[in-house]
Amino acid sequence: MKKRTHRRGRRPAATAAMLLISAAALAGCQSASSSDGPVTVRFAVETGFGKTSPYAQIIDGFNKSNTQNIKVELTEIPTDSYFQTVRTMFQAGNAPDVVWGSPGTGAANALGVFAQAGQLVDLSKEQWASASVPDSAHDLYYVDGKLIGVPVDVAPIPQVVNATAYKSLHLDFAKTYDQLLQQCAAVRKAGRTSLLGLAGSQPTNTGLMGLELAASRVYAKDPDWNQKRASGQVTFAGSQEWRDTLQAVVDLHKQGCFQGGAEGGTPETVTPEFTKGKILGIFAPASIATDLGSLAPTSQISVAVFPGTTERDTFLFASPSNALSINASSKHVDAAKALLEYWMQPQQLDKFAALSGNVSLTSVLHGRPVSKKYAGLATYLTDPARNAPLPSLFWPNPDIYNKLGVGIQGLLTGQAEVDKVLQDMDAAWQS
Amino acid sequence: MRSVAVPATRVEVVETEGKARRAGRRAGGSIAVWWWAVPAVVLTIGIQYLSVAAGSVYAFTNYRGFGKATFVGFDNFVKIFHSPATTRALWNTLLLAACFVIFTNVIGMALALALNRLLKLRYFLRVLIFLPVVLSPLAVAYVWKFIFQPNGPLNGMLRTVGLGDWATAWLGNPATAFSTIAVVVVWQNIGLAMVIYLAGLANVSPELEEAGAVDGAGPAARLFRIVLPLLRPTIVIASTLTLIQGLRVFDQVQALTAGGPYGATETLSTLVYKETFVNGKFGYGSALSLLLTVLIIAAALLQNAALRSRGD
Numbered sequence: 001m002k003k004r005t006h007r008r009g010r011r012p013a014a015t016a017a018m019l020l021i022s023a024a025a026l027a028g029c030q031s032a033s034s035s036d037g038p039v040t041v042r043f044a045v046e047t048g049f050g051k052t053s054p055y056a057q058i059i060d061g062f063n064k065s066n067t068q069n070i071k072v073e074l075t076e077i078p079t080d081s082y083f084q085t086v087r088t089m090f091q092a093g094n095a096p097d098v099v100w101g102s103p104g105t106g107a108a109n110a111l112g113v114f115a116q117a118g119q120l121v122d123l124s125k126e127q128w129a130s131a132s133v134p135d136s137a138h139d140l141y142y143v144d145g146k147l148i149g150v151p152v153d154v155a156p157i158p159q160v161v162n163a164t165a166y167k168s169l170h171l172d173f174a175k176t177y178d179q180l181l182q183q184c185a186a187v188r189k190a191g192r193t194s195l196l197g198l199a200g201s202q203p204t205n206t207g208l209m210g211l212e213l214a215a216s217r218v219y220a221k222d223p224d225w226n227q228k229r230a231s232g233q234v235t236f237a238g239s240q241e242w243r244d245t246l247q248a249v250v251d252l253h254k255q256g257c258f259q260g261g262a263e264g265g266t267p268e269t270v271t272p273e274f275t276k277g278k279i280l281g282i283f284a285p286a287s288i289a290t291d292l293g294s295l296a297p298t299s300q301i302s303v304a305v306f307p308g309t310t311e312r313d314t315f316l317f318a319s320p321s322n323a324l325s326i327n328a329s330s331k332h333v334d335a336a337k338a339l340l341e342y343w344m345q346p347q348q349l350d351k352f353a354a355l356s357g358n359v360s361l362t363s364v365l366h367g368r369p370v371s372k373k374y375a376g377l378a379t380y381l382t383d384p385a386r387n388a389p390l391p392s393l394f395w396p397n398p399d400i401y402n403k404l405g406v407g408i409q410g411l412l413t414g415q416a417e418v419d420k421v422l423q424d425m426d427a428a429w430q431s
Numbered sequence: 001m002r003s004v005a006v007p008a009t010r011v012e013v014v015e016t017e018g019k020a021r022r023a024g025r026r027a028g029g030s031i032a033v034w035w036w037a038v039p040a041v042v043l044t045i046g047i048q049y050l051s052v053a054a055g056s057v058y059a060f061t062n063y064r065g066f067g068k069a070t071f072v073g074f075d076n077f078v079k080i081f082h083s084p085a086t087t088r089a090l091w092n093t094l095l096l097a098a099c100f101v102i103f104t105n106v107i108g109m110a111l112a113l114a115l116n117r118l119l120k121l122r123y124f125l126r127v128l129i130f131l132p133v134v135l136s137p138l139a140v141a142y143v144w145k146f147i148f149q150p151n152g153p154l155n156g157m158l159r160t161v162g163l164g165d166w167a168t169a170w171l172g173n174p175a176t177a178f179s180t181i182a183v184v185v186v187w188q189n190i191g192l193a194m195v196i197y198l199a200g201l202a203n204v205s206p207e208l209e210e211a212g213a214v215d216g217a218g219p220a221a222r223l224f225r226i227v228l229p230l231l232r233p234t235i236v237i238a239s240t241l242t243l244i245q246g247l248r249v250f251d252q253v254q255a256l257t258a259g260g261p262y263g264a265t266e267t268l269s270t271l272v273y274k275e276t277f278v279n280g281k282f283g284y285g286s287a288l289s290l291l292l293t294v295l296i297i298a299a300a301l302l303q304n305a306a307l308r309s310r311g312d
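Protein sequence lines correspond, in order, to chains A and B. According to the UniProt record's numbering, the first sequence is numbered sequentially starting from 1. According to the UniProt record's numbering, the second sequence is numbered sequentially starting from 1.
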């Protein structure tokens with residue numbers, strides 16, 4: 001009997017303890033969300049390729065320096081599933097406070113899609129935000145008059161070249177397309193694999209090449225081509241400029257500018273040939289040059305603009321394509337804004353560009369000198385008439401770019417004709 | 001000794017009561033069995049079937065992953081049947097499934113017959129052949145992708161033995177990409193078919209074959225007249241399983257070619273992935289998924305009906 005009484009005596013004590021713990025936990029939660037207590041901002045970005053995220057380093061700096069008791073937590077989501085994961089989180093109402101993505105609606109990770117659904121905070125009243133958007137990217141960052149995010153750097157899309165291999169063959173970077181075609185034969189004759197390396201099995205790589213060819217043929221001649229396409233004044237299939245672009249792909253292939261079996265090429269097969277100097281150039285974002293340089297310590301890996309039909313119409317795509325937006329449902333919008341405001345300071349932008357391998361936004365916005373490794377692109381980067389964001393970012397959906405990449409595969413294998421590829425792109429635009 | 005006469009009617013009553021009690025126990029027992037099954041049935045229906053049914057509703061909308069979904073009737077299905085890309089993907093799906101069913105079963109059965117008895121190394125060889133089945137399809141596909149690269153080991157070997165003219169971009173060449181995928185998928189699943197047929201062969205009595213041999217039947221006659229008829233139920237199971245698997249192959253195709261070049265290896269599964277998760281067309285993707293599901297069910301039922309004999 002005594003034992004039972006003892007047990008009974010324990011129950012109220014245990015219940016009271018549970019209540020106390022619950023109350024303490026609730027109090028803890030309350031203080032965490034109160035304006036005076038620490039605020040945790042969740043930040044999502046896609047996973048970097050085996051290196052420390054440049055985003056993490058800016059966030060570390062912010063966490064150490066801010067005096068508002070704000071703590072930013074970085075979540076890295078694998079590239080393949082990034083957009084799908086974030087999309088699901090938005091739908092479920094638990095999306096991160098700050099999300100990374102591409103501006104516009106044309107990329108697979110387009111933030112414009114979230115903006116159209118009213119999921120992003122309008123930053124147009126924040127001077128630090130509106131001042132950070134280059135004029136050329138205005139339509140990417142503004143949706144229905146609302147500023148949906150801020151860029152963090154500028155990503156040039158040139159050729160990444162093995163300068164040491166060029167030197168060993170006594171070649172200069174081609175300044176016109178015709179020179180480039182001549183070099184293709186010269187490189188083969190010298191016993192190298194090819195002038196250009198193409199990961200033809202990946203539509204993202206063939207698509208990027210297509211856009212680089214379109215730079216001088218379409219967008220240097222008519223910078224407003226996308227707007228005209230959106231309003232229905234032009235079409236891909238009806239555009240001689242786009243036909244010339246895709247015909248250039250066929251010509252490059254016929255002239256042996258790509259490695260053998262380019263249609264089945266992958267980055268894994270092209271990269272070793274490139275770093276060994278057997279392939280002289282690849283189509284890739286400039287930021288990759290630093291990583292490739294570390295794989296080829298005896299070679300100088302550099303960047304060069306892909307030549308236009310003439311020197312004068314050579315044009316560079318350089319996109320403020322890494323953007324940060326704030327979730328409209330976030331409970332910590334002010335804290336998230338504080339982070340982005342910190343990020344938009346020139347010293348942070350320069351630091352971030354140095355880490356990401358891209359060009360600092362300050363060079364494009366304020367004409368500050370570009371870093372030494374981009375000296376060859378400086379003429380284009382600092383002249384607004386000779387650079388623009390990647391046009392596919394403005395397209396209404398990612399399938400158009402996919403159709404371009406897949407279509408170029410078809411051109412390489414002989415499965416498709418130029419007109420058919422362009423018709424497919426028009427069909428994707430309408431869908 | 002005097003026997004005790006028990007009235008017949010009394011015996012009948014007792015027997016009837018006993019039967020009723022046993023029947024009651026049996027009925028109670030079967031109800032109890034059903035009660036045990038209820039949680040599993042509810043979970044299966046709730047998690048699998050209801051979620052699939054709920055997902056199917058999106059096939060009739062233009063849902064894009066978030067926001068509101070607008071009902072569009074059969075528009076997505078009309079688009080599917082008017083799209084050459086989808087028609088090609090449908091054809092590729094059926095062709096890949098057919099190749100998968102035929103080659104996996106024929107080779108799997110041949111290996112099972114070869115490794116059923118007699119051979120001393122049969123247990124080791126069975127393990128060796130079954131091993132790819134337990135590997136991740138994605139990992140296996142990436143290994144094969146390396147082998148099939150334009151400058152990969154396969155082409156290197158061909159060049160070494162003087163067959164350099166045969167070297168090609170196996171996965172980039174539309175003439176070879178599809179069959180290359182088929183080779184990988186079949187290779188990885190032969191072991192599973194072999195194990196199923198080995199289990200079937202375990203039920204074929206050696207005495208029957210010996211009797212056939214005594215009666216003068218040769219190896220071919222014994223195979224076609226005795227073994228294969230007895231393996232019929234196993235063939236039904238193996239071919240149905242491989243057909244379902246063949247129709248929904250995704251990992252290997254996605255890893256090897258992602259449907260390329262220019263859609264030459266696109267299947268309904270890869271198309272569902274692209275339309276849904278890359279292009280964000282969840283409604284259209286759901287319609288494609290629904291079509292694939294219906295296709296799998298119909299094909300499996302048809303095949304089952306065709307292969308099953310009346311007595312089965």
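To be clear, the hints were calculated from the coordinates, so they are not data collected in a lab. Incorrect hints may have been included.
[Stated by the list, open to error] Rough simulated footprint, nothing fancy, chain B against chain A, three-plus residues with beta-carbon under 8 Å:
id, region
1, 198-207
2, 233-246
3, 257-270
[Unchecked claim] Restraint-style ranges between C-beta atoms, simulated for each label pair:
id, chain 1, residue 1, chain 2, residue 2, range
4, B, Phe-146, A, Asp-80, 16 to 22 Å
5, A, Lys-373, B, Ile-47, 51 to 57 Å
6, A, Ala-185, B, Val-133, 45 to 51 Å
7, B, Phe-71, A, Gly-118, 51 to 57 Å
8, A, Pro-384, B, Val-161, 47 to 53 Å
9, B, Phe-74, A, Gly-118, 57 to 63 Å
10, A, Gln-240, B, Val-134, 30 to 36 Å
11, A, Pro-78, B, Val-161, 51 to 57 Å
12, A, Thr-310, B, Val-133, 58 to 64 Å
[To be verified] The calculated lysine-lysine pairs, modelled on DSS-like cross-linking and capped at a C-alpha distance of 30 Å, are:
id, chain 1, residue 1, chain 2, residue 2
13, A, Lys-278, A, Lys-189
14, A, Lys-175, A, Lys-373
15, A, Lys-146, B, Lys-79
16, A, Lys-278, A, Lys-125
17, A, Lys-167, A, Lys-146
18, A, Lys-372, A, Lys-351
19, B, Lys-68, A, Lys-337
20, B, Lys-68, B, Lys-79
21, A, Lys-146, A, Lys-372
22, B, Lys-120, A, Lys-228
23, B, Lys-68, A, Lys-331
24, A, Lys-254, A, Lys-221
25, A, Lys-146, A, Lys-125
26, A, Lys-167, A, Lys-373
27, B, Lys-68, A, Lys-125
28, A, Lys-175, A, Lys-221
29, A, Lys-125, A, Lys-420
30, A, Lys-420, B, Lys-79
Even glycine gets a Cβ: it sits at the ideal position worked out from N, Cα and C.
Quick rundown of the hints versus the structure:
Here's how the region 198-207 of chain A fares: 4 of its residues keep a CB closer than 8 Å to some CB of chain B, so the rule of at least three is met and the hint holds. A stretch counts as covered by a chain when three or more of its residues have a beta carbon under 8 Å from one of that chain; for the region 233-246 of chain A and chain B the count is 0, and the coverage is violated. Restraint check on the region 257-270 of chain A versus chain B: 10 residues with Cβ-Cβ distances below 8 Å, three needed, restraint holds. In this structure, B/Phe-146 and A/Asp-80 meet the distance hint of 16 to 22 Å, their C-beta atoms being roughly 19 Å apart.
The hinted window of 51 to 57 Å between A/Lys-373 and B/Ile-47 holds, with their beta carbons roughly 54 Å apart. Checking the proposed 45 to 51 Å range against A/Ala-185 and B/Val-133 shows it holds: the Cβ atoms sit about 50 Å from each other. The hint said 51 to 57 Å for the Cβ distance between B/Phe-71 and A/Gly-118, and at roughly 21 Å that hint is violated. Range check, A/Pro-384 to B/Val-161: about 58 Å between beta-carbon atoms, so the 47 to 53 Å window is missed.
Between B/Phe-74 and A/Gly-118 the Cβ separation comes to about 30 Å, which falls outside the hinted range of 57 to 63 Å. About 56 Å separates the C-beta atoms of A/Gln-240 and B/Val-134, a value inconsistent with the hinted range of 30 to 36 Å. Evaluation of the 51 to 57 Å hint for A/Pro-78 and B/Val-161 yields a failure: the beta carbon distance comes to about 41 Å. Distance hint check for A/Thr-310 and B/Val-133: the Cβ-Cβ separation is about 59 Å, which falls inside the suggested range of 58 to 64 Å.
Taking the CA atoms of A/Lys-278 and A/Lys-189, the gap is near 12 Å; set against the 30 Å cutoff, the hint holds. Between A/Lys-175 and A/Lys-373 the CA atoms are separated by roughly 19 Å; this keeps the pair inside 30 Å, and the hint holds. Between the alpha carbons of A/Lys-146 and B/Lys-79 the distance comes to roughly 34 Å, so the proposed pair goes past 30 Å and is violated. A distance of roughly 52 Å separates the Cα atoms of A/Lys-278 and A/Lys-125; the hinted pair therefore is violated under the 30 Å criterion.
With a C-alpha separation of about 49 Å, the suggested pairing of A/Lys-167 with A/Lys-146 is violated against the 30 Å cut-off. Distance restraint check for A/Lys-372 and A/Lys-351: the Cα-Cα separation of roughly 15 Å lies within the 30 Å cut-off, and the hinted pair is therefore satisfied. A threshold of 30 Å between alpha carbons decides the hint, and for B/Lys-68 with A/Lys-337 the separation of about 28 Å falls inside it, so the pair holds. Straight-line distance between C-alpha atoms of B/Lys-68 and B/Lys-79 comes to about 21 Å, which keeps the hinted pair within the 30 Å bound.
Using a Cα cut-off of 30 Å, the hinted pair A/Lys-146 and A/Lys-372 is violated, with the two alpha carbons roughly 36 Å apart. Restraint check: the Cα-Cα separation between B/Lys-120 and A/Lys-228 comes to about 75 Å, which exceeds 30 Å; the hinted pair is violated. At most 30 Å may separate the alpha-carbon atoms for a hinted pair to count; B/Lys-68 and A/Lys-331 meet this at roughly 23 Å. Proposed proximity of A/Lys-254 and A/Lys-221 is supported: the alpha carbons are some 26 Å apart, at most 30 Å.
As the CA atoms of A/Lys-146 and A/Lys-125 are separated by approximately 9 Å, the hinted pair is consistent with the 30 Å bound. Restraint check for A/Lys-167 and A/Lys-373: the C-alpha separation of about 17 Å stays at or below 30 Å, so the hint holds. For the suggested pair B/Lys-68 and A/Lys-125, the alpha carbons sit about 29 Å apart, so the restraint of at most 30 Å is met. About 18 Å separates the Cα atoms of A/Lys-175 and A/Lys-221, which keeps this hinted pair within 30 Å; it holds.
Straight-line distance between C-alpha atoms of A/Lys-125 and A/Lys-420 comes to about 45 Å, which puts the hinted pair past the 30 Å bound. As the CA atoms of A/Lys-420 and B/Lys-79 are separated by approximately 19 Å, the hinted pair is consistent with the 30 Å bound.
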